[in-house]
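Protein chains: 4
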Amino acid sequence: MTDEARDALRAFVAERDWDQFHTAENLAKSIVIEAGELLEVFQWSGDVDDARVREELADVLTYCLLLADKIGADPQALILEKLATTRTKYPADKARGRSDKYDRL
Amino acid sequence: MTDEARDALRAFVAERDWDQFHTAENLAKSIVIEAGELLEVFQWSGDVDDARVREELADVLTYCLLLADKIGADPQALILEKLATTRTKYPADKARGRSDKYDRL
Amino acid sequence: MTDEARDALRAFVAERDWDQFHTAENLAKSIVIEAGELLEVFQWSGDVDDARVREELADVLTYCLLLADKIGADPQALILEKLATTRTKYPADKARGRSDKYDRL
Amino acid sequence: MTDEARDALRAFVAERDWDQFHTAENLAKSIVIEAGELLEVFQWSGDVDDARVREELADVLTYCLLLADKIGADPQALILEKLATTRTKYPADKARGRSDKYDRL
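Protein chains in written order, with the numbering used here: chain A, 20 to 124; chain B, 20 to 124; chain C, 20 to 124; chain D, 20 to 124.
Source of the hints: derived by calculation from the structure; they are not laboratory data.
Every value quoted in this text rests on a predicted model; they were computed, and no experiment measured them.
Please note that a few of the clues may not be correct.
The list treats identical chains as one, so a pair stands whether inside a single copy or across any two.
[Claimed, not checked] Pairs of lysine-lysine, DSS-like flavour, derived with a Cα cap of 30 Å:
1. K113 - K89
2. K113 - K101
3. K89 - K108
The whole structure should be built from the sequences, with the hints applied where relevant.
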């Protein structure tokens, strides 16, 4: 189902001949730049305008999909693979109700 | 970015009773923190270890999906909605082959 | 932020022949990477360990001084110059007690 | 010598009654937000406008000084203290000409 988003992004980039700018490094920079704009919505208060959150989150997601496509990875597969690792680092019985890092559990 | 990833993340969070930590603001902080770790792979060189990129990108995507779920948004819908706006800000004929911001096109 | 810190950093970098890695762009990447580590101290709670804040803030400041030195700027002069601009964008009488951006004052 | 910058910032904040917004956490968020804007200058190319770098670096430095002041730390002392630690983690003879992390030296 992300194929639809991925294909729309590929077409958007191709129409503008922007692939030349989309090195993995530039996309990684773009992800943190947009993540900063997302955090800006929460800079002074947690009581925020949802429309701004949606828009900034969309920008982060967009660059994440472009980077995933650049390295030939499927976003959902990346998430599920990493989740398997995280499950072992944070066993439910030890981690329940705690925000500590795994090495402090 | 499908229901499968969302449902796996929901189960993972529920098993650990972590929803209490996942305010929209904390998730936005987490996205930029993980985006910084992704950029760290590229800190001194663009010639990087793909396995590290996959792992750090997975972390950014994971928090993006958790935030999308928190605000009741579908990640793919967010991307496609934002892409429609971006298409109008960056008309293909004006933006082709240029990395300038829309207000400089 | 004085010559003492700048000179100590210059000597540290020279002894390690690290100037070759310290392009303005790599230093800018390093600043946001370290800023993310600083924010990680506050990821799940505002009640934090001051020693960690001091250490991570030191890293951000260190790369800021290296970048300032790279572009031949004096950190204190940069701050005071920008403050003059900000004073005009945020007149005390309009901005008092408000966290709004200048274009919303 | 940063006393001048620190005192100017304290006066600027006091005139606007902004200390109420400047929790350590909000300042840490602000540092990474501004660091993202600094990186944006380098988003697509390392060939950049120095005036923009100066302005964005000034913003990062400003929030760094505000956070240092908030936790009662002297920026220069923080840098020199951390540098002493870093010298031991990166011995000149081992680290010379290498960008590897200390645990890979």
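Hints violated by the structure (listed by number, smallest first): Violated: none.
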